[in-house]
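Undergrad: One-letter residues, chain by chain:
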Amino acid sequence: MNARYLPYVMILPVTLFLCVFFIYPFVLVAQQAFSVDGSWSLANFQEVVGYWKFPISMKNTLLLALAVVPVQVILALTMATMVTKMKTGRDIVLYIWTIPLGISDLAAGIIWLAIFEQSGFLNSMMHGLGMVDRPVNFLTYQNPGIVFLAIALAEIWRATAIMLVILVAGMGLIPKEYYEAAEVFGASPWKRFLRITLPMLRPSLQTALILRVILAFEIFAVVQALGGTLFPVLMGSVYEYQFDLLNSGAAAAIALIILVISIGFTLLILRALRVPKGATI
Amino acid sequence: MAEILIKNVAKRFGTYQALQDINLTISDQEFMVLLGASGCGKSTLLRIIAGLETATEGEVWIGGRRIDHLAPKDRGISMVFQNYAVFPHLTVFENIGFGLRMQKLPQADVERRVARTAELMQIGELLKRYSGELSGGQRQRVAVARALAMEPDVILMDEPLSNLDALLRLEMRAELKGVLAESSTTAIYVTHDQVEAMSLADRISVMHEGRIAQAATPVEVYRNPAERFIASFIGNPPMNFIDATPAGDGKWTVAGQVFDGPATEKGKLEFAIRPEDVRGAEQGLSLNVRVVEPLGAHLLVTGAVDGHLFRAVLDSDLVVNRGDVLTLAPLPDRVRWFDPDTTLAVN
Ligand SMILES: Nc1ncnc2c1ncn2[C@@H]1O[C@H](COP(=O)(O)OP(=O)(O)OP(=O)(O)O)[C@@H](O)[C@H]1O
Ligand SMILES: [Mg+2]
Chain A
1 MNARYLPYVM
11 ILPVTLFLCV
21 FFIYPFVLVA
31 QQAFSVDGSW
41 SLANFQEVVG
51 YWKFPISMKN
61 TLLLALAVVP
71 VQVILALTMA
81 TMVTKMKTGR
91 DIVLYIWTIP
101 LGISDLAAGI
111 IWLAIFEQSG
121 FLNSMMHGLG
131 MVDRPVNFLT
141 YQNPGIVFLA
151 IALAEIWRAT
161 AIMLVILVAG
171 MGLIPKEYYE
181 AAEVFGASPW
191 KRFLRITLPM
201 LRPSLQTALI
211 LRVILAFEIF
221 AVVQALGGTL
231 FPVLMGSVYE
241 YQFDLLNSGA
251 AAAIALIILV
261 ISIGFTLLIL
271 RALRVPKGAT
281 I
Chain B
1 MAEILIKNVA
11 KRFGTYQALQ
21 DINLTISDQE
31 FMVLLGASGC
41 GKSTLLRIIA
51 GLETATEGEV
61 WIGGRRIDHL
71 APKDRGISMV
81 FQNYAVFPHL
91 TVFENIGFGL
101 RMQKLPQADV
111 ERRVARTAEL
121 MQIGELLKRY
131 SGELSGGQRQ
141 RVAVARALAM
151 EPDVILMDEP
161 LSNLDALLRL
171 EMRAELKGVL
181 AESSTTAIYV
191 THDQVEAMSL
201 ADRISVMHEG
211 RIAQAATPVE
221 VYRNPAERFI
231 ASFIGNPPMN
241 FIDATPAGDG
251 KWTVAGQVFD
261 GPATEKGKLE
271 FAIRPEDVRG
281 AEQGLSLNVR
291 VVEPLGAHLL
301 VTGAVDGHLF
311 RAVLDSDLVV
321 NRGDVLTLAP
331 LPDRVRWFDP
341 DTTLAVN
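Here the protein sequences line up with chains A and B, keeping their order. Counting from 1, position 255 in the first sequence corresponds to residue 255 in my numbering; the numbering is continuous, with no gaps. Counting from 1, position 269 in the second sequence corresponds to residue 269 in my numbering; the numbering is continuous, with no gaps.
To be clear, the hints were calculated from the coordinates, so they are not data collected in a lab. Just so it is clear, CB atoms sit at the ideal spot from N, CA and C, and this is done for glycine as well. Be careful, since some hints might not be right.
Below, computed lysine to any residue pairings styled on SDA-like, alpha-carbon distance capped at 25 Å [as the list claims (entries may be wrong)]:
1. A/191 <-> B/101
2. A/277 <-> B/125
3. A/176 <-> B/133
4. B/128 <-> A/274
5. B/73 <-> A/277
Listed next, the stretches of chain A that the computed footprint assigns to chain B, with coverage defined by at least 3 CB atoms under 8 Å from CB atoms of chain B [what the hints assert, rightly or not]:
6. 179 to 186
7. 264 to 271
This is chain A alone, in the form it adopts within the complex (with noise of 0.2 Å):
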């Protein structure tokens, strides 16, 4: 076979997967949004984004995502960096963090439902400490902010793991060198921090984000499962348009829109981490 066409006929297989599975879908959902009765429209557009529900569902998408991404930011950074110190142990620290990563989303959100509902974990201790005489029920319309936060501890609770392990490795592939030569020039720990590990971790960092950030807009079981209606997310929506209401161009419509964001965010991300050109890492 000739070497150059080699490359090409091994990412044949790939490609007509992608191509069946991910493109064709994607110009079907493109086409259902863009068209109503047979022809091209925007009116799927008009109708969702002109539902009174539209911009709280974005609202508290993008809210819930600026909550939770930079705490899951910070906490995966500190554990990658905790278990990178390590030195016997590593290896079940890691396993045991990243257990919530093996429960699906919408198992996550019951395990938080059981904690907050009114007959919960948390209502029952409260009870049994004897800091209330009845026990609350707390995700309720009433506590908008409470349902907010237990959405996204269950969140940060279920999704952080995914950036630990990233991070995890790419700190283990920056040499031992740098530091000793930071340590050496006068730097502290939390300098050789700035200094070394987040430049050297762009690359790490900059898939855990972008994973992190697409994920977030895409939440929904979880919130499904805490908040109900009381907190509409986007992906909600589509639920809604597609199974309740039958609505399927709608559906794809609200789909596109997360997906235009998802990409505008990506590009952020990549812009905003990139290596200066030149720079090797």
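The hints should help you fit chain B with the ligands onto chain A, whose structure is shown.
TA: Just chain B with the ligands, lined up with the frame of chain A:
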């Protein structure tokens, strides 16, 4: 004042004894070279002084202060790493200025000191580049410049010129020696290049299998090696050795010839002479010539004396052919003796 005192330092990695009982005093502003074969523990000793490795036993003092419990940055040292450790995400400028920035020096001072050391190491035009865009030798010079820019009391250099071509190396060597002589820096310089060691050092510490075999001036190490190992390691070509048997009264028989030697009860010694310390004569050691190599200034003749490998550096005017038998007389005051049991020099 930065006198370095190393007391009974030992280092074990697991069960492997990398360093044993190192005792060394390096005076203020001295240029000390650690010379030894690969794996003999040079880097380990340097890293213990720097604080990147903890000694299993022993103490390290700098300037009258015990420092082996201090962090590297509190020891008043800077270091050139064997693998450079030039930060890939920073420009050459930021690399050289890294330590100065950590000391929160004003921008103007940083710029001045970076520019000066970069000039010195001939990398002034590279300041805007990243380390990935440099050659190995350029990277190494950045590492040296970064250490020099700190203007430290003590500078530790781990084979800082190993990657430069011969000419640049010669130039940098002289430059480095000049700079360090001007400043009041105490320097420890690791190399396995003996020419470099000879030319730079105030004193050389020859290391062998985790210990210091001899610490003395270059001339002393060359003229009076304390151990057979040093005699066979230093000098190019190294010393010649021939078995000697006692002839009574402090006289020893070497390849049929009788020489004055040490008066000991030993039944056996080794006679040693440098290749350049023999002269053609009427009477002396007979060398069966096997290889003749004209080196320009000299003639290197290799052969056997009494079955022992023997090299002689002779005047290039001499006409010597393969198969000749030369009679060579050792210069009497250059003959050295080693005890084959202890491998130590005997006087
Ligand atoms: N972290 C370590 N763990 C185990 N053994 C080590 C470690 N560091 C060094 N050694 C061993 O200690 C010995 C001395 O190593 P060192 O790096 O000091 O040698 P060196 O004299 O600098 O050699 P070179 O000239 O090749 O750089 C070597 O045998 C090496 O294998
Ligand atoms: Mg070394």
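Undergrad: Next, verify each hint and record whether it holds.
TA: Checked hints:
Between the alpha carbons of residue 191 of chain A and residue 101 of chain B the distance comes to roughly 11 Å, so the proposed pair stays at or under 25 Å and holds. Between the alpha carbons of residue 277 of chain A and residue 125 of chain B the distance comes to roughly 18 Å, so the proposed pair stays at or under 25 Å and holds. A threshold of 25 Å between alpha carbons decides the hint, and for residue 176 of chain A with residue 133 of chain B the separation of about 21 Å falls inside it, so the pair holds. Restraint check for residue 128 of chain B and residue 274 of chain A: the C-alpha separation of about 18 Å stays at or below 25 Å, so the hint holds.
This hinted pair does not check out: residue 73 of chain B and residue 277 of chain A have alpha carbons roughly 31 Å apart, beyond 25 Å. By the rule of at least three residues with a Cβ nearer than 8 Å to a Cβ of chain B, the coverage given for the segment 179 to 186 of chain A holds, with 7 such residues. Counting residues of the segment 264 to 271 of chain A whose beta carbon lies closer than 8 Å to any beta carbon of chain B gives 0, which falls short of the minimum of three for the stated coverage.
Of the hints listed earlier, those the structure fails to meet are numbers 5 and 7, in rising order.
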